[in-house]
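Place chains B and C on chain A using the hints.
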Amino acid sequence: MIDKYAVFVPNLTNRAENFTSGHRACQGCAEALAVRHVLKALGHDIVISNATGCMEIVSSPLPLTAWNVPWIHVTFENAGAVASGVAAGLKVLMRKGKIPEKRIVSVGMGGDGATTDIGLQALSGALERMHKDFLYVCFDNEAYMNTGIQRSSSTPYGAATTTSPAGKDSIGQHTWKKNMAAIAVAHDIPYVATACSSYPFDLQAKVIKAVESGGPAYLHVLSVCPTGWRIPSHLAIKYGRLAVETGVFPLYEVQDGKYRMTADIPKLRPVRDYLSGQGRFRHLTDTDIDIIQKRVTKEYDKLISLHKSNNG
Amino acid sequence: MGKRIGMEVSLMVSEAVKLADVDVIAAYPITPQTHIVEHLSELVADGHLNAEYICVESEHSAMSACAGSSAAGARTYTATSSQGLQLMSELLYVVSAMRMPIVMTVVNRTLSAPLSIWNDQSDIMANRDCGWIMIFAENGQESFDQTLCAFRIAEDRRVLLPVAVNMDGFILSHVIEPYQTVEEEIVEKFLPPFDPLYTLHPDRPVTMGAFAMPELFAETKMAHEIAIRDSYAVIREVWDHWGELTGRRYEPVEEYMTEGADTVFVTIGSYGELGMDVVDRLRAAGKKVGLVKIRLFRPFPYRDILNSLTKFENLLIVDRALSVGGVGGPLASEIKTALYRLEKRPNVFSFIAGLSGRDVPPEKFIEMYEEAMEGLKKNQWDEFTMVGVRQ
Amino acid sequence: MPKPMEEYRVEDLNPGCVIDEPGNAVVYHTGNWKSQRPVWNEQKCIKCGVCWNFCPDNAIMRKEGGYFVADYEYCKGCGICAHECITQCITMVEEVV
Chain A
1 MIDKYAVFVP
11 NLTNRAENFT
21 SGHRACQGCA
31 EALAVRHVLK
41 ALGHDIVISN
51 ATGCMEIVSS
61 PLPLTAWNVP
71 WIHVTFENAG
81 AVASGVAAGL
91 KVLMRKGKIP
101 EKRIVSVGMG
111 GDGATTDIGL
121 QALSGALERM
131 HKDFLYVCFD
141 NEAYMNTGIQ
151 RSSSTPYGAA
161 TTTSPAGKDS
171 IGQHTWKKNM
181 AAIAVAHDIP
191 YVATACSSYP
201 FDLQAKVIKA
211 VESGGPAYLH
221 VLSVCPTGWR
231 IPSHLAIKYG
241 RLAVETGVFP
251 LYEVQDGKYR
261 MTADIPKLRP
271 VRDYLSGQGR
281 FRHLTDTDID
291 IIQKRVTKEY
301 DKLISLHKSN
311 NG
Chain B
313 MGKRIGMEVS
323 LMVSEAVKLA
333 DVDVIAAYPI
343 TPQTHIVEHL
353 SELVADGHLN
363 AEYICVESEH
373 SAMSACAGSS
383 AAGARTYTAT
393 SSQGLQLMSE
403 LLYVVSAMRM
413 PIVMTVVNRT
423 LSAPLSIWND
433 QSDIMANRDC
443 GWIMIFAENG
453 QESFDQTLCA
463 FRIAEDRRVL
473 LPVAVNMDGF
483 ILSHVIEPYQ
493 TVEEEIVEKF
503 LPPFDPLYTL
513 HPDRPVTMGA
523 FAMPELFAET
533 KMAHEIAIRD
543 SYAVIREVWD
553 HWGELTGRRY
563 EPVEEYMTEG
573 ADTVFVTIGS
583 YGELGMDVVD
593 RLRAAGKKVG
603 LVKIRLFRPF
613 PYRDILNSLT
623 KFENLLIVDR
633 ALSVGGVGGP
643 LASEIKTALY
653 RLEKRPNVFS
663 FIAGLSGRDV
673 PPEKFIEMYE
683 EAMEGLKKNQ
693 WDEFTMVGVR
703 Q
Chain C
704 MPKPMEEYRV
714 EDLNPGCVID
724 EPGNAVVYHT
734 GNWKSQRPVW
744 NEQKCIKCGV
754 CWNFCPDNAI
764 MRKEGGYFVA
774 DYEYCKGCGI
784 CAHECITQCI
794 TMVEEVV
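Chains as they are written, first to last, in my numbering: chain A, 1 to 312; chain B, 313 to 703; chain C, 704 to 800.
Read the hints as simulated data drawn from the structure, not as lab findings.
All C-beta atoms in this analysis are idealised placements derived from N, C-alpha and C, irrespective of residue type, glycine included.
Treat the hints with caution; some may be incorrect.
What the hints assert, rightly or not - Derived CB-CB ranges, DEER-like:
| # | chain 1 | residue 1 | chain 2 | residue 2 | range |
| --- | --- | --- | --- | --- | --- |
| 1 | B | Glu500 | C | Asp774 | 29 to 35 Å |
| 2 | A | Thr13 | B | Ser428 | 45 to 51 Å |
| 3 | A | Arg15 | B | Ser424 | 51 to 57 Å |
| 4 | B | Glu527 | C | Lys766 | 35 to 41 Å |
As the list claims (entries may be wrong) - Partner residues aside, some chain C positions facing chain B, computed with beta carbon under 8 Å:
| # | residue |
| --- | --- |
| 5 | Met708 |
| 6 | Ile722 |
| 7 | Asp774 |
Excised from the complex, chain A in its bound form (with noise of 0.2 Å):
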């Protein structure tokens, strides 16, 4: 709601900019805008456990940093253990006396590879084991896009990627996104939410209410990635508002295990609006939009369902 009405909104947000410029970020990068929004959500005491990928390769070539929060890098496939790790060192010298007592929230974060892919275990252990102050936020570009855009299982159905090329036998994808806030969900933590940094106080709303939470917490931020997704730089904000419009990733937040949509959105937009100037889909056929269309409105469905007997 607030995006829709609150022009002068952006004059509140929080000015500290954590994630600094100099980072290496393709030109019109949301997914750096969405790490950027997200730090200013999260504020100054945190620490970042950060998986190999894009956000980690343009934020720190030797000697540079673009960080200026706490952070680490160690391997891909294990922020999810690293951030564990963070938290239990943090909570132990606090509980010893040995650093003073201050709530210090430990943050993994991952692209979609990193989270969804190679780093699931990793994530699904320190879910499981209820750490404290602990969010995890992948920031889902959609493919392994700082190797040069493979296909990864968050990558979309019909979307054409370098290890997933359109061609007379293929449509590109032929999975289907893999449902990883659902995955968060079941593992009964106290708050799961969708968000996108085409709106970026929701998402900040998200990230707050995420650490409010007590946690573990898991954001799933869809991040526009124009390089891999073959659209002009300065439509990235755009294409976050028709993946949300058409219903092609719903914004919504579980809360103790109840669903809520979040974003107001009267009547979906048909899916051919997302779709259509999109490099990575370009070779679909109007049968396989039509595929799609029904995916989408049965998956956006079945959200809306979960909404209303969540929220009476």
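Then chains B and C, alone, in the frame of chain A:
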């Protein structure tokens, strides 16, 4: 001085970890490491050890969580074996290069396939280039002592490297041995609180784990190499201090009955105990045989090894691992490298014995000796011998 | 102020290659990536800050008086600000070197 009591060696190691008052343990169970982590879990559950025990879902996550907690400034411990160490392997290289003073007990066990839970050292030898300090314990008492020494070495500001204390699975881990306990006051004197150089804390933000371009990468590796090479002096200093406090003195390389010997067995790990028994027997039979035990494997103590081994004509190096398709035993291979620059080199006989816990009684050592003497007579012997293999 | 990486010697590195100057990436100017630069028409600007909000590179600053301006040292010329501006007060103009 502490009491002398009997205890399973795994439990001794857990007691050492407790005395070190570790902050975080992250571990995943694997035979034959289990008794260590089970006992530590009990100590935490009973309130005898004020630590966070993270029950991770894999060894990969165990070492990853160790990285996180060590970076947060917590004294951190883990233990593993075999496949577990291999699953950690990726992280081993990372945490050493990131200079994290994690202490790990490696309860040595063979690597699959075929799957086998029994002892040899193929697990750690497969990771010998991972940049950790590596110490091999010979018996229970030493497993306990080296665990405490490992924290002090690792956390020394001049070192800041992870330390792996190796002990042979089952042969040491599951046997009850006598050991001398150490009073808490002595540990307090010996092991100061962990005072990390950098920590992940918002009061002083740092970036850890930045990537390096080719323009800078070689310098980072050289820094790691210098750090581990320089750790040698600190290791000696720590062992000397431990010796002063407890009377138990350790050297990187130790000799037994080498006076007047022309031939020596060279062993690592628990073979040292067996080797002493064998040397006693051979000496009783009038053979001029001694024993050299390697305790420190990384940094490889070249100078000590040369000082010792060049005194003898024949070296019978007994490995518990095979470098498949390579030059046989890893220890033998390293020692041969150390000897290369000498003008007059001793003869090296490389034996690989006890793979996957195959029993190696003293008679097998005596057979090795006889085989080597036979080879000398014919002036011909193989690059290495797999002891007792049927073919 | 960090040195160029090719000037680093072994002894210049912190143990573990820790970087203890937070946010020192600001010395790296990404501004020369751009082929277009945003220009504001203050006649049309309503000072809402949407441009500032959607900039992935923190390259938009608020001036005195509440108007916005790009920091051309960092602006990569993506054009998001111009596209998202509510009053269309931002124009992307050719970067002339």
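Taking the hints in turn, this is what the structure says about them:
Checked against the hint of 29 to 35 Å, the C-beta distance between glutamate 500 of chain B and aspartate 774 of chain C comes to roughly 55 Å, which is inconsistent with it. Range check, threonine 13 of chain A to serine 428 of chain B: Cβ separation about 60 Å, and the 45 to 51 Å hint is violated. Arginine 15 of chain A and serine 424 of chain B have their C-beta atoms about 56 Å apart, which keeps the hinted 51 to 57 Å range intact. Between glutamate 527 of chain B and lysine 766 of chain C the beta carbon distance is about 38 Å. The supplied range of 35 to 41 Å therefore holds.
The criterion of a C-beta within 8 Å of any C-beta in chain B is met by methionine 708 of chain C, whose closest approach is roughly 4 Å, and the hint holds. The restraint placing isoleucine 722 of chain C at the interface with chain B holds, with a minimum CB-CB distance near 4 Å, inside the 8 Å limit. The beta carbon of aspartate 774 of chain C comes no nearer than 23 Å to any beta carbon in chain B, farther than 8 Å, and the hint placing it at the interface is violated.
Of the numbered hints stated above, those contradicted by the structure are hints 1, 2, 7, listed in ascending order.
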